[in-house]
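Asks: Protein sequences, first through last, are from chains V, F and B. Numbering follows the numbering used here, with no gaps: position 65 of the first sequence is 65. Numbering follows the numbering used here, with no gaps: position 476 of the second sequence is 476. Numbering follows the numbering used here, with no gaps: position 45 of the third sequence is 45.
Hints are supplied without guarantee of correctness; some may be wrong.
Said to hold, decoys possible - Counterexamples of contact, computed for chain F against chain V with all Cβ distances above 10 Å:
id, residue
1, Tyr3
2, Gln100
3, Arg242
4, Trp249
5, Glu293
6, Ile395
7, Ser465
8, Val485
To be verified - Subject to a maximum C-alpha distance of 20 Å in a straight line, what follows is the list of computed EDC-like cross-link-like pairs (lysine to aspartate or glutamate):
id, chain 1, residue 1, chain 2, residue 2
9, V, Lys75, F, Glu53
10, F, Lys461, B, Glu154
11, B, Lys282, F, Asp224
12, V, Lys75, F, Asp224
Stated by the list, open to error - Which residues of chain V face chain F? A few of them, derived with a C-beta cut under 7 Å, are:
id, residue
13, Ala4
14, Ser29
15, Met35
16, Pro38
17, Ile49
18, Leu52
19, Leu54
20, Ala79
21, Leu114
22, Gly115
It should be emphasised that the hints constitute simulated quantities derived from the structure, not laboratory data. Where is the CB? At the ideal position from N, CA and C, for every residue including glycine.
Each chain, written out:
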Amino acid sequence: MKRANAISGIILCVFSLVMLAFVIPGQISTGPSGMMSPRLVPQMTMIGIFGLSLLLVLGSLRGGEDDHPPPFSRKELLALLRISAVFAVAIALYEIFGALIGASSLVIFGLLALGERRPLVILTLTVVLLTGLWALFYKVLGTAIL
Amino acid sequence: MEYLILAIGDVFGGTTLLWVAVGVTLGYVLGAIPGLGKAIGVAVSIPLTFYLEPVSALGLLIGIAKGSAAGSAVSAILLNTPGEPSSAPTAFDGYPLARQGKAQKALKMGLFASVIGDFVSTITLILLAAPLARYALLIGPVELCAILVFSLVFIGGLSGNSLTKGLIAACFGIFFATVGLETETFVPRLTFGYLELEDGISLVPMAIGMLAVAEMIVQAGNLDTLDRETAELRDSSDPRDRRVTREEWRRCAPVIARGTFIGAAIGILPGLGASVGSFLSYGETRRVSATPEKYGTGMIEGVAAAESADNAVVPSSLIPLFALGIPGSVIAAILIAAFILHGLTPGPLMFQQQPRMVAGLYVSMLCASAILLVIGLLGQRLFSQIVHVPLRLVIPGVLLFCCVGSYMETGSIFSIFIMLGFALIGFVARKLDFSFVTFLIGFVIGPKLELSFRQSLQLLKHDASNLLGHPIALVFLFAALVFVVMSGRSSVTRRVQMPPTTQQH
Amino acid sequence: MKCFERRAMLGLAASITIASVGLLPDLAAAQDYPTKPVTMLVGYGAGGQTDLVARGAARVLAEQLGQPVNVVNKPGAGGAVAARELTQAAPDGYTILFHSNSVVNSAPFIMDQVNFTPDDFDYAGMITAYQTGLVAHVDAPFDDLKGFIAWAKENPNFAYAALSPEARMYMDTLAEANGLEPNAVPVQSGGEMITALLGKQVIAAFSGGIHYRYPDELKTISATTTFRHPSAPDVASIEEDGYPIGMDTRTTLFLPKGTPREVLERISHALSAAADDADFKKVTDGANIPIMYMNLDEARAEIEATYAKHKGILTDGS
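Same shape as in the complex, but just chain V (with noise of 0.2 Å):
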């Protein structure tokens, strides 16, 4: 952990500082006089999160054992890439095909991504799933979601 906290705090530190620097100024006008600056909020909270990070690095140099296991295991991460992959083929297919085919295709590739292999599960889930939204939207609520 202390090792993530030093490097988290590093990313922070620079992605404060780049915000103020450069972000801010560029994404936020000063806005009239005689009101508080739009700025100064977002201003303030980055320079919250400077300071902050600062503290984190060093609290980190500070000695001792490290006896937190590593924040990210291997297996969390590659969930999260399967996942991201699985948004974006479904994404990509909505918007190419539309609703049904993004909606279906989250649900099967969602499955596959998890490790479900039975065919027959993987059909019936998406089925029910998705005729379960149909009824509930346009037949019980009577409202068209797309």
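Based on the hints, put chains F and B in the right spot on chain V.
Replies: Chains F and B only, in chain V's frame:
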């Protein structure tokens, strides 16, 4: 009084009761499905209100509001995916309880706390709407600003293991809340040219991403462990683990009373909202507890505190509406539309012009509390079975619902991108132990604090000495100061432990 | 009558020919309009004033057109998100936008990222007007604009609630002409504005019309429109008091540029029925929203005139 009797006849004789039941059921089911929630229930019910009698329409809407507030505890407890920020504290202790095989106990406690909070707050509404709302008008921007400062300081204690990281998360919450058009200067902030960001990052997709999607990714990463646990997990054979024992009732009664009071008080104030209520209640309960370090490991009081306040907010947020005609919440705003649709003017005149209808509304609100209890007891049996389903079958469905829920908010795929962006942030924050709770609090309270501060500056004519004319504000500012000093002292002597966001054995 | 027969026939034919509709030439499609449900976008969230009128109007339109009219809320940037989406829709009359015309005649001069012009859309008509005005608590020691200005001269640093840039423009104009020193208190919603007035946090506010719901507690000081408000016919408009800055906003039916004239006329005619519809009137009366119907040509003339006028007011004023 005679109107009340007439109204009881109206409600029980006609179809009104049916619509109240439909509303409660719908709200409860939508609330219980992760990713879906009140926002959707309300959106889909608007067209329905066009075709219904006024009392039925209003009963339906109120049923949805009450049902979804209680239902959102279900997904929070069973899957650790609170549908709305206001249920996040419910998950702190509810989810550990569920993983210990005490899902039914947690669900029941959550339901009972919800119903009690809801019922008492409804009675408050009926008895005290008019005088309380007048009093609430004394709470102007200056007072609100002071109350927000106080709440922020108070809830700041929920910041997790590391105060530094909790504060960083809070800063990020405030930072993301500044995106969009600033209210005073009308200057767009950090929109990067996206029109969709002009109104800011909307709470619903952000919260769904941060709370539900991120949690699903973490659980997907620990699939083997969790599924092995699920396989071993069966409802404890001890019947005491399935219901709320007398001893637990005794411990939770003051907690529920306090939660109800906090929720009802927060509801009356314009623009604070349910999440502030449930966080305040949870924080206070943990603070006064003899064993604060145990919170987050499955303390039934935590569930009771969060849920009672969460539900107590709903009826009391209608007080400004009934007494003054001012919407205090999203539901109230929709109710106004429904009133007008049926040719009624919300506000004090309603009591004189439509006493029978107002009485009918009150009766249906009380019925909604009772129906909620029944639906909840039936529903929790059914829903609690989900903990026995292997997670790999649950996660894709949850992700689908999350997409639907986010999409519905604005009817645009942009919301799904917002959801995914915050899912990533939420995932990293969880793993690095940056409290997403303080993030949410910053996000919810930050912009209100900024706006009320800007308003106060104008109202006080940029002169701090004018603050002397606002005694209520002074009291809260003083209380905040006292609290900071006190907690500064106690944190030296005691290190407060916070729940880990996901259990890892 | 003829119209009715055609509709009945269409109803029968629609289900049979629905698959082939896409293949029909444009002109025929325009004559047969509508053969499938119409999507009505609304640029504000559900439950607001405009949404309410939109849903009331959608019901009448559905009866008149003989096809369902589905209301879809696409809130964002004061309606600019919905308007932008409309510009990307096919100009066939099946996607329409019900919104305040301020998105075209005011927003471009206020928001950097919005640059619509009247020529970016076609219009099928306007139905209701917003009764925008300067309002105060009934206890306020003035009843009209002259009285307010006299009072304001005596009370520098008075606070008023401003919900929009237009509100601030009105007050700045008054302040400049009379040497007033106002403090603008920003508010985020109509409800917040009403709360500030009722709680006497502010002495005055600029309202979009919802203050008429509180007749016992709030009064209109000046109508900031070119006309007197039907809900307060005794209150003079700001133009009558010598400030030519009245800005009218009306709920308007927008269609994508290039929609066939037949389709526009069909919708415009259907909308005119709303003006006389009892249920629609009940809704608008309940919300104190006056019906002021304009057909498609009047709507186009109105939006071009107000675009030019508001441009002058809003770009010179600030």
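Asks: Now, for every hint given, state plainly whether the structure supports it.
Replies: How the hints compare with the structure:
At roughly 33 Å, the least C-beta separation between F/Tyr3 and chain V is larger than 10 Å, which holds for a residue marked as non-interface. No Cβ of chain V comes within 10 Å of the Cβ of F/Gln100; the nearest lies about 23 Å off, and the non-interface call holds. The Cβ of F/Arg242 lies farther than 10 Å from every Cβ of chain V, with a closest approach of about 28 Å, so its non-interface assignment holds. Every beta carbon of chain V lies more than 10 Å from that of F/Trp249, the smallest distance being close to 36 Å; the non-interface claim holds.
Taking the minimum C-beta to C-beta distance to chain V, about 18 Å, the non-interface status of F/Glu293 holds against the 10 Å cut. Residue-level check failed: F/Ile395 sits 6 Å from the nearest beta carbon of chain V, not beyond 10 Å. Here F/Ser465 stays apart from chain V, with its beta-carbon at least about 19 Å from theirs, past the 10 Å limit. For F/Val485, the condition that its CB be more than 10 Å from all CB atoms of chain V holds, with the nearest at approximately 21 Å.
A hinted pair counts as satisfied when its Cα atoms are at most 20 Å apart, and V/Lys75 with F/Glu53 does not qualify at roughly 55 Å. Pair hint F/Lys461 plus B/Glu154 holds up; C-alpha atoms about 16 Å apart against a cutoff of 20 Å. Among the hinted pairs, B/Lys282 with F/Asp224 is inconsistent with the structure: their alpha-carbon atoms are about 61 Å apart, more than 20 Å. The hinted pair formed by V/Lys75 and F/Asp224 meets the criterion: a straight-line CA distance of about 10 Å does not exceed 20 Å.
Of the supplied interface hints, the one on V/Ala4 holds, with its beta-carbon coming within about 6 Å of a beta-carbon of chain F, less than 7 Å. Hint on V/Ser29 holds. Least Cβ distance to chain F is approximately 5 Å, under the 7 Å limit. Restraint check, V/Met35 versus chain F: the minimum CB separation of about 5 Å is within 7 Å; hint holds. Using the Cβ-Cβ criterion of 7 Å, the hint placing V/Pro38 at the interface with chain F is satisfied: the shortest such distance is roughly 4 Å.
Here the hint on V/Ile49 is kept, as its CB sits about 5 Å from the closest CB of chain F, short of 7 Å. For V/Leu52, the shortest C-beta to C-beta distance to chain F is roughly 5 Å, which falls under 7 Å, so the interface hint holds. A cut of 7 Å between beta carbons decides the hint on V/Leu54: the least distance to chain F is about 10 Å, and the hint is violated. Look at V/Ala79: its Cβ gets to within about 4 Å of chain F, closer than 7 Å, so that hint holds up.
Given hint, V/Leu114 at the interface with chain F, holds; its Cβ is 4 Å from that chain's nearest Cβ, closer than 7 Å. Because the beta carbon of V/Gly115 sits about 6 Å from the nearest beta carbon in chain F, less than 7 Å, this interface hint is met.
Hint check: violations occur at hints 6, 9, 11, 19; the rest are consistent with the structure.
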